[in-house]
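Novice: These are the residues of each chain, in order.
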Amino acid sequence: METEIKNESLVDEICAIPGGEGIKVCMQCGTCTASCPNADLMDHAPSELIAMIRAGMREEVLSSNAMWLCLSCYLCVVRCPRDIKITRLMHVLESLAAKSGLGSKRTTTPVIYKGFNTFIYNRGRISELWLMVRYYLQTNPFKAIKMLPVALGLLTHSRLALKMDKMSPEGIKQLKTIIDKAESSGGAL
Amino acid sequence: MKQYSYYPGCALSAEGFGRAFDWSTKAVNKLLDIEFKEIKDWNCCGSVPYDTLHELASFCICARNLALAEKMGGDVVAPCSSCYVFLSRTNTYLKQYPVLKSQVDEALAAGGLEYHGNVKVRKVLDVYVNDVGYDAIAAKVKKSLSGLKVACYYGCQEVRPIFGHDHPEYPKYMDKLVNALGAESVPFPMKSRCCGGSLIISEEAASLDLIKKLLDSAISNGADCMVTGCPLCQLNVDAYQTMVNSKYKTNYHLPVLFFTQLMGVAFGFEEKDLGLKTSIVPAEKVLAKYI
Amino acid sequence: MEPKIGVYICHCGSNIAGIVDVAKVAEYARSLPNVAVARDYKYMCSDPGQNLIKEDIKTLGLNRVVVASCSPRMHEPTFRRACQDAGLNQYLFEMANIREHCSWVHVDHEKATEKAKALVSAAVRRVYYQEPLESKEVAVNPCTLVIGGGVAGIQAALEIANSGHKVYLLEKEASIGGHMAMFDKTFPTLDCAACILTPKMTSVGQNGNIELLAYSELVEISGYIGNFKAKIKKKSRYIDAVKCTGCGRCSELCPTSLPNEFDCGLGKRKAIYIPSPYAVPNKAVIDGKNCRHLKGLAQGKDICRLCQTGIEKKGLPGCEAGAIDFEQKDETVEIEIGNIIVATGFQQFEPTKIYQFGYGRYDNVFTGLEFERLTNASGPTDGKVVLKDGSSPRSVAILHCIGSRDTNYHKYCSRVCCMYSLKFAHLLREKLPEAKVYQLYIDMRCAGSGYEEFYERLQEEGVNFVRGKAAEITNIAEKPEETGKLIVMVEDTLVRRKRRLPVDMVIMSCALEPRADTEQMARILSLSRKADGFFLEKHPKLDPVATTTDGIYIVGCCQSPKDIPDTVAQASAAAARVLAIISKGTVEIEAAIASIDEEHCAGCKICIDMCPYKAISFDEEKKVSRINEALCKGCGTCVAACPSGAIKGRHFTTEEIMAEIEGVLA
Numbered sequence: 011m012e013t014e015i016k017n018e019s020l021v022d023e024i025c026a027i028p029g030g031e032g033i034k035v036c037m038q039c040g041t042c043t044a045s046c047p048n049a050d051l052m053d054h055a056p057s058e059l060i061a062m063i064r065a066g067m068r069e070e071v072l073s074s075n076a077m078w079l080c081l082s083c084y085l086c087v088v089r090c091p092r093d094i095k096i097t098r099l100m101h102v103l104e105s106l107a108a109k110s111g112l113g114s115k116r117t118t119t120p121v122i123y124k125g126f127n128t129f130i131y132n133r134g135r136i137s138e139l140w141l142m143v144r145y146y147l148q149t150n151p152f153k154a155i156k157m158l159p160v161a162l163g164l165l166t167h168s169r170l171a172l173k174m175d176k177m178s179p180e181g182i183k184q185l186k187t188i189i190d191k192a193e194s195s196g197g198a199l
Numbered sequence: 057m058k059q060y061s062y063y064p065g066c067a068l069s070a071e072g073f074g075r076a077f078d079w080s081t082k083a084v085n086k087l088l089d090i091e092f093k094e095i096k097d098w099n100c101c102g103s104v105p106y107d108t109l110h111e112l113a114s115f116c117i118c119a120r121n122l123a124l125a126e127k128m129g130g131d132v133v134a135p136c137s138s139c140y141v142f143l144s145r146t147n148t149y150l151k152q153y154p155v156l157k158s159q160v161d162e163a164l165a166a167g168g169l170e171y172h173g174n175v176k177v178r179k180v181l182d183v184y185v186n187d188v189g190y191d192a193i194a195a196k197v198k199k200s201l202s203g204l205k206v207a208c209y210y211g212c213q214e215v216r217p218i219f220g221h222d223h224p225e226y227p228k229y230m231d232k233l234v235n236a237l238g239a240e241s242v243p244f245p246m247k248s249r250c251c252g253g254s255l256i257i258s259e260e261a262a263s264l265d266l267i268k269k270l271l272d273s274a275i276s277n278g279a280d281c282m283v284t285g286c287p288l289c290q291l292n293v294d295a296y297q298t299m300v301n302s303k304y305k306t307n308y309h310l311p312v313l314f315f316t317q318l319m320g321v322a323f324g325f326e327e328k329d330l331g332l333k334t335s336i337v338p339a340e341k342v343l344a345k346y347i
Numbered sequence: 231m232e233p234k235i236g237v238y239i240c241h242c243g244s245n246i247a248g249i250v251d252v253a254k255v256a257e258y259a260r261s262l263p264n265v266a267v268a269r270d271y272k273y274m275c276s277d278p279g280q281n282l283i284k285e286d287i288k289t290l291g292l293n294r295v296v297v298a299s300c301s302p303r304m305h306e307p308t309f310r311r312a313c314q315d316a317g318l319n320q321y322l323f324e325m326a327n328i329r330e331h332c333s334w335v336h337v338d339h340e341k342a343t344e345k346a347k348a349l350v351s352a353a354v355r356r357v358y359y360q361e362p363l364e365s366k367e368v369a370v371n372p373c374t375l376v377i378g379g380g381v382a383g384i385q386a387a388l389e390i391a392n393s394g395h396k397v398y399l400l401e402k403e404a405s406i407g408g409h410m411a412m413f414d415k416t417f418p419t420l421d422c423a424a425c426i427l428t429p430k431m432t433s434v435g436q437n438g439n440i441e442l443l444a445y446s447e448l449v450e451i452s453g454y455i456g457n458f459k460a461k462i463k464k465k466s467r468y469i470d471a472v473k474c475t476g477c478g479r480c481s482e483l484c485p486t487s488l489p490n491e492f493d494c495g496l497g498k499r500k501a502i503y504i505p506s507p508y509a510v511p512n513k514a515v516i517d518g519k520n521c522r523h524l525k526g527l528a529q530g531k532d533i534c535r536l537c538q539t540g541i542e543k544k545g546l547p548g549c550e551a552g553a554i555d556f557e558q559k560d561e562t563v564e565i566e567i568g569n570i571i572v573a574t575g576f577q578q579f580e581p582t583k584i585y586q587f588g589y590g591r592y593d594n595v596f597t598g599l600e601f602e603r604l605t606n607a608s609g610p611t612d613g614k615v616v617l618k619d620g621s622s623p624r625s626v627a628i629l630h631c632i633g634s635r636d637t638n639y640h641k642y643c644s645r646v647c648c649m650y651s652l653k654f655a656h657l658l659r660e661k662l663p664e665a666k667v668y669q670l671y672i673d674m675r676c677a678g679s680g681y682e683e684f685y686e687r688l689q690e691e692g693v694n695f696v697r698g699k700a701a702e703i704t705n706i707a708e709k710p711e712e713t714g715k716l717i718v719m720v721e722d723t724l725v726r727r728k729r730r731l732p733v734d735m736v737i738m739s740c741a742l743e744p745r746a747d748t749e750q751m752a753r754i755l756s757l758s759r760k761a762d763g764f765f766l767e768k769h770p771k772l773d774p775v776a777t778t779t780d781g782i783y784i785v786g787c788c789q790s791p792k793d794i795p796d797t798v799a800q801a802s803a804a805a806a807r808v809l810a811i812i813s814k815g816t817v818e819i820e821a822a823i824a825s826i827d828e829e830h831c832a833g834c835k836i837c838i839d840m841c842p843y844k845a846i847s848f849d850e851e852k853k854v855s856r857i858n859e860a861l862c863k864g865c866g867t868c869v870a871a872c873p874s875g876a877i878k879g880r881h882f883t884t885e886e887i888m889a890e891i892e893g894v895l896a
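Residue numbers (this note's numbering), protein chains in the order written: chain A, 11 to 199; chain B, 57 to 347; chain C, 231 to 896.
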């Protein structure tokens, strides 16, 4: 069965986003994948992902787990012979995937990101302890039990605060205004 | 007196997990005649989560911090690697992409702010090495750390993707600083490899594997302890060592400190000024000779 | 006589006519003052097109011609000749560029047509003021200077010398041969490089028409095509080349051992040494920086003359020809030539820069040139492929594109690496049949006679081809079988999987890059360089061996990376160009140069220092400046600088330029 080339505009969509234009010049040398610490865990490693984007395989690309496993370590960016900003591409793909609802089902990273962002919007700063509590409650409460020794160690060594950090009320209001304005301009770049 | 505006970020804030970095940096600054003035009412830089799910807003909230810093004048120091990368790249992207700039300007204006692109973002190590200098630092050493073998762990975002400080894969400037304190920096091939920081919660197995590789490399090269300049790296390699040990049946007890804590020890500060007791893997034994 | 102007608008097929309304432009031209006829035609540069001009000159008595078509750099000579053939002085002709400056860069038809009209108007007004000028002819010196004694320089020198003309062959090193002399076998025929090169090297040494200036460098040149003067520094060998027989005994006696450059530092030589087993000239040379005696002299001591005196108690005599001369000094000579061929070659990219490959940190990571020396029977291991510890490798990885095709180092492709990597793989399969050979490539570039067939042959020989660029070489083992090995990390893009290849030896196919002294050479020779650092040719397709400096040619890898067949072809091409000029015997000097009105010259000498070509001298008797018409390039600097307005730029007078400006603005 032939896989027809579906959505050519995926390439255009990504190239229109700042930092995404590099995918046109990829020569498929594989340096990025070979340098990536997590490539073996990805269903489609970075070089393959770029090839799939260029073939217009929108659904497969956006439902991949690859970008959610990107550590943002930038080793690929340092070594890429065509100067492609691959890490940025991974962030862009995460964004598109989340928007299209195809955020990979095989990872809970989107959950923790959403939690992180909620803290920022409401308080301007994050609180690690409550972020983790919220995450475990939403995903796998039993895992929290396994993490208890680490959490207790952090608490007793003054590394985790029970108190939640936040900005002043005026500051939060200003921040919310700015964020709302940005989101209303379409949010996407 | 050298003055800089200061962006501690969530990790170095009063409730953050990296507050020892903040304490030790401020202690060391006293001796080096530097002042870090905290930006009033700074907001979280957003890091990867915000950039991923709210791209445009992520540039805007970083620009807010830069706008506030611009009012204070001078360079802004952002100790956390991730904050540093996101604030810096905001500057670059605003210069390179005019459409983005106009959207960010609009959002800032809605909040009553303006940013003109005049703030340079720095890291603590960069400030110490380039603005103070190794000789000035060596001159302040009260207790030489000679005999101490240190693995200098830069982490993946100390020298990339913002280039220009040092080699993007095998930098040396933290090693030189540690040597200036009298200690010996050991060869450490994994010095700028990722600790798995951003994914330690959601992809724990992958991150533990990376942490193990770091510990292997440091210890096999004879390190007594590790120093780093990134709060997330410190948290990962320090707090998760016990989990690495139970997963891989290893017996690692490598203390992981902030380089400013090591500087503080060499400068003669006491433990409580430097937050040494906040480390999960205790550093007492290794530093006993010097404190 | 009143100017009678003929205007010709070219369609250039659809290149111009596709955007510009040529009929309208011709109609407009007809309305301009002094225009006797205006035509438009499909291809003005063709025979019928040129005939239009010639006929009109004859029948209508035209005394000025304007052609609105392509860039003058394309066809100014064509139309000038057409005018000259019809009896009209070629300087009474002007071109309006309505292609490169108009139809090729604009998309709006209306605006482009208006612009074309403005350009034609400018040319018509200008040509009104143009004067007839005569070009001069100067004689050509039949001697030639070839800079660089690699295969390119050798080929060019032999071609010219065999036609009976004198050639000076200048070589920086103590022996000619260049990089090719270092190679083992050459692709795809697997001819031994030394076997095919040494006969040519010997011919050079024996050819009566070639004066070989080895161990010498170019210091300065002056002059112009047909009449160059070159200053050359002959570095002192501390050996009397006439007396030296090349026996090599001095080398055996010398106590100082150093890494051998010819072996890329893998082997040793002495401070006094014969450059290579097939050196031409086959004479010894002393490395002044490392010779104990010469270093001692600098401190006022007289030590170690073993090469001269020998070791008596061992019964070993010193140089019997008495050729060693520690007093020898550098010598500067001046030669006169008519043409110069630059054949300075390339240097290999230094992979220490790429930290993650571990060159210089790990043992057994080699560059391509180093491997050539390892497999070469005349090399430091007598042709045996061995590791640093002397054992044979059981597995080897060959990495393509090191420093090439990489924005971090060199963007370009070095063209020959795919082929020489295949050659390496073949040599390894031949010498170590039990060893596993991996070849890591991004693309296989095998365009050449017999090249693709060579690739297929290597596939048949059982080389493991892995499509992926190596990302890193590590020695941190993750599995027991990786212990003690160099592990190459790569993505096999064809199976889409990360692979770790544990090998004993790594060979890096490094880029060919411009030599470090290219900047200096470019300055001395007034040559331009491309963005990638190689010398700039006159036209990449139609004139790859000429440069914008008449009389100076570039051949071989100094122009761009290439293989031996192309290098030899370019060398022969440049030789042919030089011989053509020599055989013609004279060159035409451009007439559009500056001229000084001596009555108005105040003798202030400002123009003399301003001239970039050193073409102006001062007449001490008359106290006026004088222009050397052969050296002047007509750049106009002195014209603009002269405070008394005494210097005129022929064919670029103030009236002509102002008329052109007025025409555009009209």
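Incorrect hints may appear among the rest.
To be verified - Capping the alpha-carbon separation at 35 Å, the derived lysine-lysine pairs in DSBU-like fashion look like this:
#, chain 1, residue 1, chain 2, residue 2
1, B, LYS269, A, LYS183
2, A, LYS156, B, LYS232
3, A, LYS173, B, LYS232
4, C, LYS366, C, LYS396
5, C, LYS715, C, LYS430
6, B, LYS86, B, LYS305
7, C, LYS464, C, LYS402
8, B, LYS176, C, LYS559
9, C, LYS792, A, LYS153
10, B, LYS228, A, LYS186
11, A, LYS173, B, LYS228
12, B, LYS151, C, LYS464
13, C, LYS559, C, LYS473
14, B, LYS127, A, LYS173
15, B, LYS269, B, LYS305
16, B, LYS86, B, LYS157
17, C, LYS641, B, LYS232
18, A, LYS156, B, LYS96
19, B, LYS205, C, LYS583
20, A, LYS176, B, LYS58
21, A, LYS173, A, LYS183
22, A, LYS156, B, LYS58
23, A, LYS191, A, LYS153
24, C, LYS814, A, LYS109
25, B, LYS151, C, LYS341
26, C, LYS814, C, LYS396
27, A, LYS176, B, LYS305
28, C, LYS728, B, LYS228
29, A, LYS191, B, LYS341
30, C, LYS728, C, LYS498
31, B, LYS303, B, LYS86
32, B, LYS305, B, LYS82
33, C, LYS463, C, LYS341
These are computed hints drawn from the structure, not numbers from a lab.
Novice: Does LYS641 (chain C) pair with LYS232 (chain B) here, judged by a C-alpha cut-off of 35 Å?
Specialist: Satisfied, since the Cα-Cα distance of roughly 34 Å is no more than 35 Å.
Novice: For LYS715 (chain C) and LYS430 (chain C), compute the direct alpha-carbon distance and say whether it is at most 35 Å.
Specialist: Not satisfied, since the Cα-Cα distance of roughly 43 Å exceeds 35 Å.
Novice: Check whether the Cα positions of LYS205 (chain B) and LYS583 (chain C) lie no farther apart than 35 Å.
Specialist: holds (28 Å)
Novice: Is it true that the CA of LYS151 (chain B) sits at most 35 Å from the CA of LYS464 (chain C)?
Specialist: violated (54 Å)
Novice: Assess, step by step, whether the Cα of LYS176 (chain B) is no farther than 35 Å from the Cα of LYS559 (chain C), and give holds or violated.
Specialist: violated (57 Å)
Novice: Checking one constraint from the list: CA of LYS86 (chain B) to CA of LYS157 (chain B), max 35 Å. Satisfied?
Specialist: Given that 35 Å is the threshold and the Cα spacing comes to 38 Å, the pair is violated.
Novice: Are LYS156 (chain A) and LYS232 (chain B) close enough, with their CA atoms no more than 35 Å apart?
Specialist: violated (40 Å)
Novice: Please work out if LYS269 (chain B) and LYS305 (chain B) have their alpha carbons no farther apart than 35 Å.
Specialist: holds (14 Å)
Novice: Do the alpha carbons of LYS191 (chain A) and LYS341 (chain B) lie within 35 Å of each other, as the hint requires?
Specialist: violated (54 Å)
Novice: Hinted pair, alpha-carbon criterion (35 Å max): LYS464 (chain C), LYS402 (chain C). Please report holds or violated.
Specialist: holds (9 Å)
Novice: Taking 35 Å as the top limit, are the C-alpha atoms of LYS559 (chain C) and LYS473 (chain C) close enough?
Specialist: At roughly 17 Å apart (the allowed maximum being 35 Å), LYS473 (chain C) and LYS559 (chain C) satisfy the hint.
Novice: Is LYS463 (chain C) within 35 Å of LYS341 (chain C), Cα to Cα?
Specialist: violated (59 Å)
Violated hints, listed in ascending order, are 1, 2, 3, 5, 6, 8, 9, 10, 11, 12, 16, 18, 22, 23, 24, 27, 29, 30, 31, 32, 33; each of the other numbered hints is respected by the structure.
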